[in-house]
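Take the given structure of chain A and dock chain B with the ligands to it, following the hints.
Below are the chains, spelled out letter by letter.
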Amino acid sequence: MNILVCISKAPDTTSKITFKDGNTSFNEDGVQFIVNPYDEWYALVRALELKEAQGGKVTIISVGGADYEPIMRKALAIGADEAVRVDIQPTDAYQVAAEIAAFASGKGFELILTGKETIDYNGSQVGGMLAALLDIPYVSNATKIDVNGSDATIERDKQAGTEVLGASLPIVVSAAKGMAEQRIPNMRGIMAARSKPLQVVAATAAQSLTQIVGYELPAEKGSVKLINPEDVKELVNLLHNEAKVI
Amino acid sequence: MNVLVFADSDNGKVAKAAYEAASYGARIASQSGGQASLVTYGKIDNINDLAQYGISDILLAEGQGHMDPIQLARLAEAAATEVGADLIVFSHDYTGKSIAPIVSARMKAGMVTGAIDFPSLSGDFVVKKNVFSGKAFAQVKITTDKKVITLLPNSISTEKKEATANITSFAPDLGASSVTIKESKVKGGDGIVLTEAELVVSAGRGLKGPENWGMIDELAKELGAATACSRPVADVGWRPHHEHVGQTGIAIRPNLYIAVGISGAIQHLAGVNGSKVIVVINTDPEAPFFKAADYGIVGDAFEVVPKLIDAVKELKASQS
Ligand SMILES: Cc1cc2nc3c(=O)[nH]c(=O)nc-3n(C[C@H](O)[C@H](O)[C@H](O)COP(=O)(O)OP(=O)(O)OC[C@H]3O[C@@H](n4cnc5c(N)ncnc54)[C@H](O)[C@@H]3O)c2cc1C
Ligand SMILES: Nc1ncnc2c1ncn2[C@@H]1O[C@H](COP(=O)(O)O)[C@@H](O)[C@H]1O
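Those protein sequence lines, which keep their order, are chains A and B.
Counted from 1, the first sequence has number 171 at position 171 by my numbering; the numbering is strictly sequential.
Counted from 1, the second sequence has number 35 at position 35 by my numbering; the numbering is strictly sequential.
Bound conformation, chain A alone:
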């Protein structure tokens, strides 16, 4: 099976989030970047499992500058066969989706996997937009996927439960927790990744439809009001009369 996995770069989950240039851009100083966890732990690993079981090829694609290459090498070290970087710093999800669609169109990818969201922008946008641009079906928040011939069986979360869906390939699926287990790259994988192909392609002229104009940090919490563990009633009293939440 010919699988494409969309890989984005995200700040490490322990990063302290600060901004610069008058709160208009993210301050990357001292920030470690990782593969977006949903893309790595679930989408990529499930793609590799499907390939191992059925044969085929796993290509990863990122839309970003040269700063994306370390995390792309990590994805290759985990086991992807080849990588494509569309050389532009995207400014919104539509631009990302349009660039991936332009690359993927006509290349015969049967399954395209994304993460359910990036942990920095929290968009949950790229997968659905990509499906719309390629005019193929989309299933979001998938926790399981199996492929048999040209049919996929997908389990997904919904508001008050789960559902099992059937669809024929090609399809775009966004991956959530449950789809696979994280894999740690081994030394052999890391060595092999160095010589795997990483192709850089020029961007098309896809436009973005939105623009981030500023950032804010949440207001600092005042100090915590401590309540004596012998006087739990006082907590209920405060929640009822002061905070008015119960």
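Bear in mind the hints are in silico, worked out from the structure with no lab data behind them.
Quick caveat: nothing in here was measured; it's all calculated off a predicted structure.
Warning: the hint list may mix true and false statements.
Footprint (simulated), chain A over chain B, 3 or more residues, beta carbon under 8 Å [stated by the list, open to error]:
id : segment
1  : 33–42
2  : 59–67
3  : 168–180
4  : 294–302
5  : 311–317
Below, a list of computed lysine-lysine pairs in the PhoX-like style, where the Cα atoms sit at most 20 Å apart [as the list claims (entries may be wrong)]:
id : chain 1 : residue 1 : chain 2 : residue 2
6  : A       : K16       : B       : K316
7  : A       : K144      : B       : K185
8  : A       : K244      : B       : K276
9  : B       : K43       : A       : K158
10 : B       : K128      : A       : K225
11 : B       : K43       : A       : K225
12 : A       : K74       : A       : K51
13 : A       : K233      : B       : K307
14 : A       : K20       : B       : K141
15 : A       : K51       : A       : K196
16 : B       : K43       : B       : K13
17 : A       : K221      : B       : K208
18 : B       : K185      : B       : K43
19 : B       : K316      : A       : K144
20 : A       : K233      : B       : K316
21 : A       : K244      : B       : K316
22 : A       : K196      : A       : K221
23 : B       : K291      : A       : K221
24 : B       : K161      : B       : K13
25 : A       : K51       : A       : K9
26 : B       : K221      : B       : K141
27 : A       : K225      : B       : K221
28 : B       : K221      : A       : K244
29 : B       : K128      : A       : K244
30 : B       : K276      : B       : K128
31 : B       : K276      : A       : K158
32 : A       : K158      : B       : K185
33 : A       : K158      : B       : K13
34 : B       : K221      : A       : K233
35 : B       : K141      : A       : K233
36 : A       : K20       : B       : K128
37 : A       : K51       : A       : K107
38 : B       : K146      : B       : K108
Note that CB positions come from ideal geometry on N, CA and C, so glycine has one too.
Below, chain B with the ligands without anything else, positioned relative to chain A:
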């Protein structure tokens, strides 16, 4: 501007998040001198209730059977054309997340997902959203004429007024479904959906084992709260995955979040720091969670929680 709200239902009932989306859309339309309409689908028992949240003109697509995300996106698009909408509003829930991006790309309408406030209507159209899993907010400008917003549940307050729905049946051509439902499982329990819950009781590794969750369930039941948990607890299977909150779980913003035996790691806080009031119960006074809390009890959960259950019962008894 003319606004179209897409409202979802679950098991024949309007979803709570849909009332919020309706209020949100109604207010934007009235403040910008436009009309608000709503589109929904399927069999809904309490469709009239929707009108009480500010939108009485409702397009209803009935009898279409199961619709996949592409068909639902076509439904939203057709309705937007029908009512001449400049802005389409969805809830940022599972349904909204799956169809809003399709609508945005098909219409080339710029989109902001997970909005937490009303857009600015004078000058640029700018919407505030959570980023970095709640560790910060971004102001996002939509630069296209047509716009899409998904509203994060529990972000705005709603107001209910007497009104009667004006329902028009709506049957645009939605094409064939390319996704079939093989099986649909509804979650058991009392059915308070975590992402929509106003009150949440959550517990972590401090509880020592799954057999000790009885008191957490009981506290939640007394309060009418949903239950949640930290990631390690879901990873080892003490609690189901859908209860896992945080940066790699779900992000919630209830009015009250009670954290029992959770240390307050940065990845956990990311998913809950939008909560209006946070209560922390932990034996360790140095637990980082106390820095993010409004109220705290330094104490043993096994002693404090049973007392808390009694105190809540007492309060409820005095109210009834
Ligand atoms: C990439 C990445 C992503 C992550 N994403 C998430 C995420 O989304 N959500 C998440 O929750 N975590 C996440 N984590 C894990 C996170 O870093 C913490 O390890 C986790 O939140 C700790 O869970 P905990 O608070 O239940 O356990 P612990 O850290 O072990 O804390 C248990 C707490 O219970 C207290 N305690 C012990 N006994 C009692 C008692 N009798 N009564 C009261 N209190 C008691 C202790 O003092 C302690 O503070 C992530 C980690 C990584 C690396
Ligand atoms: N710059 C990017 N390059 C490649 N894939 C991306 C990029 N940004 C986002 N994605 C993919 O789209 C998913 C959802 O992203 P988002 O819509 O930003 O939440 C991510 O989990 C990735 O799989």
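Results for each hint:
1. 33–42: violated (count 0)
2. 59–67: violated (count 0)
3. 168–180: holds (count 3)
4. 294–302: Contact hint for the segment 294–302 of chain B vs chain A: holds, 7 residues under 8 Å.
5. 311–317: holds (count 4)
6. A/K16 to B/K316: Status violated; Cα separation ~41 Å.
7. A/K144 to B/K185: Judged against 20 Å, a Cα distance of about 15 Å means the pair holds.
8. A/K244 to B/K276: holds, 11 Å
9. B/K43 to A/K158: Holds: B/K43 and A/K158 sit about 18 Å apart, inside 20 Å.
10. B/K128 to A/K225: Outside the cut-off at roughly 30 Å; violated.
11. B/K43 to A/K225: violated, 48 Å
12. A/K74 to A/K51: holds, 18 Å
13. A/K233 to B/K307: Status holds; Cα separation ~8 Å.
14. A/K20 to B/K141: Given that 20 Å is the threshold and the Cα spacing comes to 19 Å, the pair holds.
15. A/K51 to A/K196: holds, 17 Å
16. B/K43 to B/K13: holds, 9 Å
17. A/K221 to B/K208: violated, 29 Å
18. B/K185 to B/K43: holds, 18 Å
19. B/K316 to A/K144: violated, 42 Å
20. A/K233 to B/K316: Answer holds: A/K233 to B/K316 is near 13 Å, not above 20 Å.
21. A/K244 to B/K316: holds, 14 Å
22. A/K196 to A/K221: violated, 48 Å
23. B/K291 to A/K221: holds, 8 Å
24. B/K161 to B/K13: holds, 19 Å
25. A/K51 to A/K9: Violated, at roughly 24 Å.
26. B/K221 to B/K141: This hinted pair is violated, its Cα atoms lying about 42 Å apart.
27. A/K225 to B/K221: Roughly 25 Å between the alpha carbons, so the hint for A/K225 and B/K221 is violated.
28. B/K221 to A/K244: Holds - the C-alpha atoms of A/K244 and B/K221 are around 19 Å apart, at most 20 Å.
29. B/K128 to A/K244: violated, 26 Å
30. B/K276 to B/K128: holds, 17 Å
31. B/K276 to A/K158: violated, 25 Å
32. A/K158 to B/K185: Given pair A/K158, B/K185 holds - Cα atoms ~9 Å apart, limit 20 Å.
33. A/K158 to B/K13: Holds, because 15 Å separates the two Cα atoms, which is no more than 20 Å.
34. B/K221 to A/K233: holds, 18 Å
35. B/K141 to A/K233: Not OK: B/K141 and A/K233 at ~47 Å, beyond 20 Å, violated.
36. A/K20 to B/K128: holds, 18 Å
37. A/K51 to A/K107: holds, 17 Å
38. B/K146 to B/K108: Judged against 20 Å, a Cα distance of about 8 Å means the pair holds.
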